Each structure stands twice: as C-alpha cells, then as structure tokens.
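2 protein chains.
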Amino acid sequence: MASVVEFKKLDNSIKKPSLDPLMKLVRTDLDRVNSTILEHMQSPVHLIPQLAGHLIAAGGKRLRPMLTLGAAALCGYSGDRHVKLAACVEFIHTATLLHDDVVDESELRRGQETANTVWGNQASVLVGDFLFSRSFQLMVMDGSLHVLKILSGASAIIAEGEVQQLITTNDTTTSETAYLEVIQSKTAELFSAAARIGAVVADRPKDEEDALTSFGTNLGIAFQLVDDALDYSARQAELGKTVGDDFSEGKITLPVILAFRRGTEVDRKFWKRTLEELDQEPGDLEKAQELILKYGALDDTISRARHYAAIARDALGLFSDGEPKNALTEVVDFCVEREF
Amino acid sequence: MASVVEFKKLDNSIKKPSLDPLMKLVRTDLDRVNSTILEHMQSPVHLIPQLAGHLIAAGGKRLRPMLTLGAAALCGYSGDRHVKLAACVEFIHTATLLHDDVVDESELRRGQETANTVWGNQASVLVGDFLFSRSFQLMVMDGSLHVLKILSGASAIIAEGEVQQLITTNDTTTSETAYLEVIQSKTAELFSAAARIGAVVADRPKDEEDALTSFGTNLGIAFQLVDDALDYSARQAELGKTVGDDFSEGKITLPVILAFRRGTEVDRKFWKRTLEELDQEPGDLEKAQELILKYGALDDTISRARHYAAIARDALGLFSDGEPKNALTEVVDFCVEREF
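One line per chain: the protein sequences are A and B, in this order.
First residue of the first sequence: 16, per our numbering; consecutive thereafter.
First residue of the second sequence: 16, per our numbering; consecutive thereafter.
None of these hints come from the bench; they were simulated from the model.
Any given hint could be a false lead.
Identical copies go unnamed one by one, so any copy, or any two together, can satisfy a pair.
In the SDA-like style, the derived pairs of lysine to any residue whose C-alpha atoms are separated by at most 25 Å in a straight line are [claimed, not checked]:
hint : residue 1 : residue 2
1    : 164       : 64
2    : 164       : 263
3    : 287       : 135
4    : 256       : 273
5    : 76        : 338
6    : 164       : 59
7    : 39        : 299
8    : 256       : 318
9    : 99        : 153
10   : 221       : 68
11   : 164       : 61
12   : 164       : 95
13   : 221       : 157
14   : 284       : 182
15   : 39        : 259
16   : 287       : 134
17   : 39        : 252
18   : 39        : 284
Since the structure is predicted, the reported quantities are computational estimates derived from the model, not experimental observations.
Just chain A, with the same shape it has in the complex (with noise of 0.2 Å):
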C-alpha cells in the first residue's frame, strides 16, 4: 500500500507537459510574430486595429504560428521568411475566430467579451475579410507560390468545414466519421500547413514536409477532439472555464455522438430535445455531462485523442533528436493532457 501512495505522490510531482520548451525554443521569434502582427494590422480605419487588437491581445496560445517557428527550428532553418509566415497564420486564425463568434452567435471568448458583442456582427465580418486579405498580403510579400498555394488551400478547407459544421449542427446522427472530417478540416487544416511551412521555408525534402504536415493534422485532430472533450468537463468548471457552449449552441461533438449511440431511447429523446429542437431547461447541462460521463463517453473521446497524438508523435521520428524535437513532442502531449 505504501508504495501506491508513494507512486502517487511522485505522479503529483511530475511536471505536466506544458507549451514551456517550444515556447523557449521560439521566444525571439515569437517576439517577432507579435510586432509583425501589430504593424500589419493597422490601418487608417481606426475600428479595423481597435477591434482585430481586442481579440489578438486577447491571448490565445498563439499555438498556431509557434508550430511554424517550432517547425522551422526543428528543420534547421536561419533565415527569417517563417516569421512573417508565422504571422499569416494567427491572421487566418483570428480571421477565421471572428467569423466563427458572428456564426456561433458567441459572447465570450478567452473569458472575454467578444469582439461582435462590443462591436456588433457587421464589423466582426468586415474586420474578419480584411485580416484574411492582410493575411494573403503578407504571403505575397515573401513571394513563395508553394507558400501560398498551401495557405490558399488551407483556407478554402477551413471554410468547407465550417460549412459542413453548420449542416451537422442540430443533427444528433451525425456520423463519428462526418464529425471527424469537419474537425479535420475546420482545425486539423490549419495546424498542419502551420507546421509544414516549416519545412517549406527551409527548403528540406518531400519526406519531411509531409511528415510535418502529417505532425500538425494529427495533432490538430487530437487538440479538436480534447477541446470537445472539455467543453462537457467537470474538471474545466472547477478551474472555472466555461463549460458547456457547444451544449447551448447544439453542436454534435464526439462526446455526444458516442453518448447519443451509446444511449437508451430515453437518453437520446433527451438529446434530440436539448439539442436538436434546442429546447434547453437548468440543469440539462449537468444531465448530459452524468450521460456522457455513464457511457465512458469523455474518456474516450480522450482516447481517440490519443491515437492521433500518437501519430503525430511518431511523425516526428525522422527528424534528428535535439531541442526542437522535444519541444514540438511536448506540445503533442500538452494538447492531450492539458486542462485549459
């Protein structure tokens, strides 16, 4: 008995895996991100920077460009195109998180009012439009067609999904399949051309490329799939984040569809009333969260979670051992470990 306790005295100690080393790594960059990002958001339009500076001082992870400046780190690149690349995808990703409040009719984000409950739907969008342009400005500025053949195309992906996402809205069938294509697209997308511009910038062969591409899907997969996970977490409201918003905004993630099928027909009368007609009292919220923790639906979704880290992990083994690599693993880790 002893040793248990002991074991699980040393398991509290163990430090769990954090963004730290990457952000260590990529610090100076990261810097240089930031004051990219500052300088290419103004405009003579005041609302444009006053509002685009709400939601990027917001805080974030700024997980998607570190991917690339990690990335480029792990490819030995020197030169400075990844910094500038690095801030495209923050703008694609802010653009993308603007149009996501306006649809998902959102009014917090990061436990702060967002931007369109202060400024309104109609600014969200045009300020939206106008970092995406900015965004592919930027890419024009480094001048690589590859570059923006990749981005192009990664952003026409994201806007598929997000499309698809509204169709499965509501619609407690969805497939765990369909549900896995919308993540794909919609979140997957983004981090994996996040990552493999790293290796585009530094100029490395095929082989690698494609291993950072399939790092950043693999590991924007299992990211989608923790997030979905702790929107219906207890443990999420302990630490006092909101939890519940695709629950009121009846989005079908994996929790609910493994729940739905998983359930009795009482349960999924249940479902289709909270979720499909959106006919939600007090205390359904915590209903769902005792169905989906009954059927183990939380922790599988964790699971599937883990599968794709794997994945990515392994992706990264032909790339040499070293600071970088320990990193960009670490961050696999925290996206499947992590509480926030």
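Following the hints, position chain B against chain A.
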C-alpha cells in the same frame, strides 16, 4: 418650334449606350469565365455551390470580369490567363456581396431573395469566406505574384472601405470627401484591379497599366455615384426596380449629403430623424426624394459622376482606336446613362 420637336424625336430614337458592344467583343471569353466560375465553386459540401450558385446565377451584369476581358482585348492579349483571372475578380465580388447582404441585413438583391434570407447569415458568411479563398487558389494557379499583389491589396482596401462605410452609416454629417473615400475603396478598387489585370497579363508597359488603373478607378467611382442616385430615383421606381434601400438602412450617400448640406434646419431634423435615429414613417422615402429633387441633389450627383466618367474616358486615350476602345468607352457612357 418644329425643329425642337424634331430634335426631341431624334433624341428619343438615338440608341442608349449599353454594355452590348463589350459583350459582343468578349462573349466567347465570358462563356469560358462562366464555366470557370461554375467549375471552381464546386465543393463536396453541397450547400456551398447551392448558395454560391443562387447569387451567381441570379444574373448581375458580370461587369467586373468583362472589364478584365475588355482590357486584355484592348492590350492585344492573345493568351488565356485573363479568363481565370476574370473569374477571380467575380469570386471576390460575389464574396463581398454575400458579406454585404449580411452586414446590411438585405432581403432582396436583383429582385430575388438574398442568400442570407434563404440560408441564413451564418452560411452566407462562411460561403463568402470559401469563395474568397477559392479566388486566391485560382490566382495561385495563374502563378503571377504581380497579379496576386494587386488583388490581395484590392481585397484589403475593399474591406477597409466596407468598415469605413459602416462607421459613416447613420452619420448625416459625413462629408463628400469621406463618402468619396468609401466608394473609392469599396467599389472603385475592384473595378481598377479588374481593368489593370488586362494590361498585366498582356505584359504591357507601366504607362498602359497605369492608364487602365485610372480608367477602372474613375469608372468605378462614376458607377457607384449613379448607383447611389438611382436608389432615390423616381424613374427607377417606374421601371419596377427597388428604390430606398440606402434610405431604409440609413446609408449616407451623396444625394443625402448634398440635400442635407443645402437644406434648412427643418430639413436636417428630417434627415437626422430618418437616417440617424432610423425613425421612419410611411411617406418618409417620398419626402426624402422630394427634398433631394428640390435641392438638385440627384442631378448634381450625376454631374459628379460625369466628371469621373470623363477622366475614365480620357484614360483610354493612349490606346489605339478600334473595337475594344469603343466598347470600353461605351461602358463608361452606359455607367452614367443607365437606368438600372
């Protein structure tokens, strides 16, 4: 007296300027543009071609892509890059319209229900994003960084113009200069880019590229001025076209700016009530039309348009005479004389 009557008769029989000569000149190319549009708006997510097709099939004059085709003809271009790039221009325009209709909460466009009325704002925002991305993918396929720079720059300026328009909406003190800046960005910039690309693909010297840029810019300003005049025109109403959209949305266009500045205190109270507070009663649109007529604001808006049209016409001066130049000159006349 008899001669005056004769003159009027003659005048009535003179053919109104139209887009027909340009249409005749570029018909084969335009058919290929339409095929390119149809081909590239496809997606496995069926809602995308469905929604995009609703707007694209709804007609529209295809004026912007025709400018690219006409300018290419003027420059003696014999390749086929202009077809794909004209499709890019139309995609950007279509994406802008989708987002505009969301921002303006419009229910009708070209006499049909808007996409946001049929499929909701959410789908319109996301399909707009898709078309915008698709446009950049097409440009990348063309492979010219020069063209990419022109069109990504134009897209950013269009978005800036749209945000600026949003800010001036409901502000009756908007100056003519501020209004001109808005229409230059939101409308003239794409006309300008569309025409300029004709010179770029034909690899013409800078003075011709500049001439077509100036042609497009000034044509675009004239086009928008007339558009804004038509929205208050009694003749437009006679033709069964919608009038009063700008009025009901509280958009501050030149007819209003002039009538406001030339009006009495009582008139200004009317404009403030109807356009700033959007407190509108039956008969207010007619009252607005009456005030605009009384102060010559409609005629003077058209006069301003004639000024820019003259510059556009002269910009074509350095090109050799012939069918393309005649056709493009008639486009200028059409944009000022049109009743729709």
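Now the hints, each set against the structure:
1. 164 / 64: The answer is between: 22 Å across copies meets 25 Å, while 27 Å in one copy does not.
2. 164 / 263: Answer is neither; intra-copy 37 Å and inter-copy 42 Å both fail.
3. 287 / 135: For residue 287 and residue 135, only the inter-copy Cα distance (22 Å) is at most 25 Å; the intra-copy one is 31 Å.
4. 256 / 273: within (24 Å within a copy, 53 Å between copies)
5. 76 / 338: Classified as within: same-chain Cα gap 20 Å, cross-chain 58 Å, threshold 25 Å.
6. 164 / 59: between (30 Å within a copy, 20 Å between copies)
7. 39 / 299: neither (43 Å within a copy, 64 Å between copies)
8. 256 / 318: This pair counts as within: shortest intra-copy Cα distance 22 Å, inter-copy 60 Å.
9. 99 / 153: both (7 Å within a copy, 23 Å between copies)
10. 221 / 68: neither (37 Å within a copy, 38 Å between copies)
11. 164 / 61: between (31 Å within a copy, 23 Å between copies)
12. 164 / 95: Both: 20 Å inside a chain and 21 Å across chains, each within 25 Å.
13. 221 / 157: Cα proximity of residue 221 and residue 157: in one copy and across copies (21 Å, 23 Å).
14. 284 / 182: Within one copy only: 20 Å inside, 47 Å across.
15. 39 / 259: neither (33 Å within a copy, 59 Å between copies)
16. 287 / 134: between (34 Å within a copy, 22 Å between copies)
17. 39 / 252: Close neither inside one copy (30 Å) nor across copies (66 Å); limit 25 Å.
18. 39 / 284: neither (50 Å within a copy, 61 Å between copies)
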